[in-house]
Amino acid sequence: MRKRSFILLMILPTIILISFIIFYPTISGVLLSFKNYSLYNFGNIQWIGFENFKEIFSDIFYIDVIWNTIKWIFFSVLLQLILGFILALLMKEPFKGRGLYAGLVFYPWAVSGFAIGLIWSWLLNGQFGVVNDILMKMGIIEESINFLSDPTIALYSVILVNVWYGIPFFAIMILAALQSIPNSLYEAAEIDGAGYFTKLFKITIPYIKPTLVNTVLLRIIWVMNFPDIIYGMTRGGPAGSTEILSVKMINTVFYESNYSLAAAHGVIIVLILLIYAIMYLKLTSKKEFSI
Amino acid sequence: MKKIILLLVLVLSTLMVFSEEVITLNLIEAFSSPWRTPTLNKIIEMFETLNPGVKINVISPPYETAYQKINLMISTEQPLDIVEIGDWNLSTLASIGKLEDLTPYINSWPERNDLINGVLEAASIYNNKPYLLPHGIFVKTLFYRDDILAKYGFKGYPKTMKEMYDMAKKLTESNKNQYGFDFRGKGYPTSFIDIVVTSFFDDIDPNNMYLTKSGKIIFDDPRAVEALNFYVSLYKDTAPKDSINWGWDEQVNAFVSGITPLLFQDPDTTGMLNEMIPGKYKTAPLPIGVSGKTYPSFGFVGWGIPIYSKHKDLAWKFIKFVSSAEINGYWSKAYGALPILKSVYDYDSYFSSDIFKGWKDMFNDTEHYQFTQYPLDNENWGKWNEFQEKTMQQVLLGKLSVVRCLKEWTDFWKEAGLDK
Chain A
1 MRKRSFILLM ILPTIILISF IIFYPTISGV LLSFKNYSLY NFGNIQWIGF ENFKEIFSDI
61 FYIDVIWNTI KWIFFSVLLQ LILGFILALL MKEPFKGRGL YAGLVFYPWA VSGFAIGLIW
121 SWLLNGQFGV VNDILMKMGI IEESINFLSD PTIALYSVIL VNVWYGIPFF AIMILAALQS
181 IPNSLYEAAE IDGAGYFTKL FKITIPYIKP TLVNTVLLRI IWVMNFPDII YGMTRGGPAG
241 STEILSVKMI NTVFYESNYS LAAAHGVIIV LILLIYAIMY LKLTSKKEFS I
Chain B
292 MKKIILLLVL VLSTLMVFSE EVITLNLIEA FSSPWRTPTL NKIIEMFETL NPGVKINVIS
352 PPYETAYQKI NLMISTEQPL DIVEIGDWNL STLASIGKLE DLTPYINSWP ERNDLINGVL
412 EAASIYNNKP YLLPHGIFVK TLFYRDDILA KYGFKGYPKT MKEMYDMAKK LTESNKNQYG
472 FDFRGKGYPT SFIDIVVTSF FDDIDPNNMY LTKSGKIIFD DPRAVEALNF YVSLYKDTAP
532 KDSINWGWDE QVNAFVSGIT PLLFQDPDTT GMLNEMIPGK YKTAPLPIGV SGKTYPSFGF
592 VGWGIPIYSK HKDLAWKFIK FVSSAEINGY WSKAYGALPI LKSVYDYDSY FSSDIFKGWK
652 DMFNDTEHYQ FTQYPLDNEN WGKWNEFQEK TMQQVLLGKL SVVRCLKEWT DFWKEAGLDK
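Same order as they appear, the protein sequences are chains A and B.
Going by the numbering used here, the first sequence opens with residue 1, and the numbers climb by one from there.
Going by the numbering used here, the second sequence opens with residue 292, and the numbers climb by one from there.
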């Protein structure tokens, strides 16, 4: 009994710390979403029930925001996975200058998302952007492309930048997994006459499947909660064509100064992620994948 | 004996120094920046030198959260004596009864009559009382690149909106990456849209830009259809398509590079332009609309005194000092705002230069330029900015018709109770 008390005493500071750092702000944020706390209403803060949520769901643009979020997550994660996988495969075998190559590949991961957004907003600018300039000089296009102001392509432009940013994460994770595959498996397969693709689909992918699943599932959460690049590049425009849930929340704070409404947006994001996390836990709690 | 007298003098003077009461005033600023805060500190140093026994303690919250911090500090009556207030949070603070009405102070202030016409009225948006004294004002004017205009055979700047459109259209050669107008599509394009739209009206309420003098919402008026169509033409015929995604940075870049030589902007743009293209640009009054009038608005920021301050007179002494012609000129130059006193424009060579011609002419021409105000005290004001930007972008992209957009805007303000 004394031992249990001692353990409890030892973990008490952690419990107190976590309560203050995580639970208090979360509960406070949820409570905020049921009030009318905004910069323009400071003298009359009241409990208003579900009014903020009603306002969100009566917004005619909200369905576009959800649809944008789905596209943003799907294309970003899919392309990051495919390209990250290819990069990891290329870097698996030792070659001259691999260190420098790895440094260049991992470089985007070291820069802040907002900075990347700003840099790319200039690179893709329709008037003075370097990308347009290069494409025109190479004769690929005749007129400059309005990457960020044409609503039909703006979302794909920001997705492309997000892909560029996220590839290193997948490359690092997959490379680590690839290096854990015993060479003997490949040697045995070669003796049996297996080609490159047979080895890839029969050995490599099944072996690293747990890493792939975990990385994709975690990355989906991060990408959903990652407004930095979009905010730096378009702030959700033009006409809301690049607005995802987390950008909408930021716009509610910075444009409308309506903190309660923004908190309600946050609660919706948390609920979506909660459902997703339950699915994720169910999936990952299954026994190890076998090859 | 001499030693004793010397010792006594020393002891007495030391006692006097230490017994002198030092009064500390707490000042909170809203727009802290690496350029502005040091200037404020220098002004405070001057004030402290001139007023021994007074110390000013500056609180500089990060710009992004400053309004919230100020509102919180004042609403919970934390020790503050001088507070910087912007046009956007003035009503909030005044409505909770925490700000001192500065009328008696301003009325006894000798430089009151030197204030630019309309500034005090603009700052009296709540209950018609000045709860702050502006220290800087922001008004949009027309910036133009006369070197580019000359290349296309234009000798002067456009005087009317129609002239500006025609000029911008002639300047536009998209194959040469040359356009006429420096359009703004994102990041609070509100005032830019409204300058164009209201220029089609001759009866705008001086107290509310979105109402006519008869109390009708302007977007519910047939003239608004014509106005918004003109605005769309300005984008489609004279501006780069990409500018639907432009904010201040892109606008200034396009102006500096000469791609778009006509620009509506605030005075804080001059700082950047003076560094990048000195002598290559001028300002002119905003072009006049078909109605014969144009309706600029004052953006302002100023100093107020919390009602619970224990040193109100001393706080006013500081505000008066900052607002004196000499300091206001020095402050505005460093900050990029327009001075609040007319005399500064004459005696300070910087403000009497061609760069400030646009503003000077507008301030002096009360026949064509009627200053008006935004409904900043309306609870829906913050929401309006995002809504107007998004719907306007939809119109520019052809996703929403002008008529439908105007109906949405009218409904928005009707729901916000603007026409009551």
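Because the hints were derived from the structure by calculation, they are not lab data.
Predicted model, so just to flag it, every value in this text is computed and none were measured.
All C-beta atoms, glycine included, are put in the ideal place defined by N, C-alpha and C.
It is possible that part of the hints are untrue.
Reference excerpt, derived from the structure (chain B facing chain A, CB under 8 Å, subset only) [said to hold, decoys possible]: (1) 340; (2) 342; (3) 356; (4) 359; (5) 362; (6) 476; (7) 532; (8) 666; (9) 670.
27 Å max Cα-Cα, derived DSSO-like pairs, lysine-lysine [said to hold, decoys possible]: (10) A:35 / B:690; (11) B:467 / B:584; (12) B:698 / A:54; (13) B:705 / A:54; (14) B:450 / B:360; (15) B:467 / A:137; (16) B:603 / A:71; (17) B:690 / B:571; (18) A:54 / B:584; (19) B:360 / B:453; (20) A:3 / A:92; (21) B:507 / B:461; (22) A:209 / A:199; (23) B:507 / B:633; (24) B:584 / B:648; (25) B:633 / B:651; (26) B:453 / B:651; (27) A:54 / B:711; (28) B:453 / B:711; (29) B:573 / B:633; (30) B:461 / B:633; (31) B:705 / A:35.
Covered stretches of chain A, as calculated for chain B (at least 3 residues, CB under 8 Å) [stated by the list, open to error]: (32) 93-104; (33) 108-116; (34) 124-136; (35) 230-238.
Each hint tested on the structure:
Contact between residue 340 of chain B and chain A, as hinted, is not supported at the beta carbon level, the nearest pair being about 37 Å apart and thus beyond 8 Å. Taking 8 Å as the C-beta contact cut-off toward chain A, the hint placing residue 342 of chain B at the interface is violated, the least distance being around 33 Å. The criterion of a C-beta within 8 Å of any C-beta in chain A is not met by residue 356 of chain B, whose closest approach is roughly 10 Å, and the hint is violated. For residue 359 of chain B, the interface hint holds, the least distance from its beta-carbon to any beta-carbon of chain A being 7 Å, beneath 8 Å.
Given the 8 Å rule on beta carbons, the hint for residue 362 of chain B holds: about 5 Å separates it from the nearest Cβ of chain A. Taking 8 Å as the C-beta cut-off, the interface hint given for residue 476 of chain B holds, the closest approach to chain A being about 7 Å. The criterion of a C-beta within 8 Å of any C-beta in chain A is met by residue 532 of chain B, whose closest approach is roughly 5 Å, and the hint holds. Among the interface hints, the one on residue 666 of chain B is violated; its C-beta lies about 11 Å from the nearest C-beta in chain A, farther than the 8 Å criterion.
Residue-level restraint check for residue 670 of chain B holds (minimum Cβ-Cβ distance to chain A is 5 Å; threshold 8 Å). With a C-alpha separation of about 34 Å, the suggested pairing of residue 35 of chain A with residue 690 of chain B is violated against the 27 Å cut-off. Restraint check for residue 467 of chain B and residue 584 of chain B: not satisfied, since their Cα atoms lie roughly 35 Å apart, outside the 27 Å limit. Our distance criterion of 27 Å between C-alpha atoms is met by residue 698 of chain B and residue 54 of chain A, whose separation comes to about 22 Å.
A threshold of 27 Å between alpha carbons decides the hint, and for residue 705 of chain B with residue 54 of chain A the separation of about 20 Å falls inside it, so the pair holds. The suggested pairing of residue 450 of chain B with residue 360 of chain B is violated, with an alpha-carbon distance near 43 Å, which exceeds 27 Å. For the suggested pair residue 467 of chain B and residue 137 of chain A, the alpha carbons sit about 15 Å apart, so the restraint of at most 27 Å is met. Under the criterion of a C-alpha separation no larger than 27 Å, the hint pairing residue 603 of chain B with residue 71 of chain A is inconsistent with the structure, at around 57 Å.
Using a Cα cut-off of 27 Å, the hinted pair residue 690 of chain B and residue 571 of chain B is violated, with the two alpha carbons roughly 39 Å apart. Pair hint residue 54 of chain A plus residue 584 of chain B does not hold up; C-alpha atoms about 42 Å apart against a cutoff of 27 Å. Pair hint residue 360 of chain B plus residue 453 of chain B does not hold up; C-alpha atoms about 45 Å apart against a cutoff of 27 Å. Taking the CA atoms of residue 3 of chain A and residue 92 of chain A, the gap is about 49 Å. The hint is violated against a cut of 27 Å.
Restraint check for residue 507 of chain B and residue 461 of chain B: the C-alpha separation of about 37 Å exceeds 27 Å, so the hint is violated. For the hint linking residue 209 of chain A to residue 199 of chain A, the alpha-carbon distance of about 14 Å falls within 27 Å, and the restraint holds. This hinted pair does not check out: residue 507 of chain B and residue 633 of chain B have alpha carbons roughly 34 Å apart, beyond 27 Å. Restraint check for residue 584 of chain B and residue 648 of chain B: the C-alpha separation of about 18 Å stays at or below 27 Å, so the hint holds.
A threshold of 27 Å between alpha carbons decides the hint, and for residue 633 of chain B with residue 651 of chain B the separation of about 9 Å falls inside it, so the pair holds. For the suggested pair residue 453 of chain B and residue 651 of chain B, the alpha carbons sit about 22 Å apart, so the restraint of at most 27 Å is met. Annotation: proposed proximity of residue 54 of chain A to residue 711 of chain B holds, straight-line Cα distance about 25 Å (limit 27 Å). Proposed proximity of residue 453 of chain B and residue 711 of chain B is contradicted: the alpha carbons are some 34 Å apart, above 27 Å.
Of the supplied pair hints, the one linking residue 573 of chain B and residue 633 of chain B holds, its CA atoms being roughly 20 Å apart against a limit of 27 Å. About 37 Å separates the Cα atoms of residue 461 of chain B and residue 633 of chain B, which puts this hinted pair outside 27 Å; it is violated. Restraint check for residue 705 of chain B and residue 35 of chain A: satisfied, since their Cα atoms lie roughly 24 Å apart, inside the 27 Å limit. Given a C-beta distance limit of less than 8 Å, the hint that chain B covers the segment 93-104 of chain A is violated, as 0 residues qualify and 3 are needed.
For the segment 108-116 of chain A, the stated coverage by chain B is violated: 0 residues have a C-beta nearer than 8 Å to a C-beta of that chain, whereas at least 3 were required. Only when three residues or more bring their CB closer than 8 Å to a CB of chain B does the claim for the segment 124-136 of chain A stand; here the count is 4, and the claim holds. For the segment 230-238 of chain A, the assignment as covered by chain B holds, since 4 residues bring a beta-carbon within under 8 Å of that chain's beta-carbons and 3 suffice.
The earlier numbered hints that this structure contradicts are 1, 2, 3, 8, 10, 11, 14, 16, 17, 18, 19, 20, 21, 23, 28, 30, 32 and 33.
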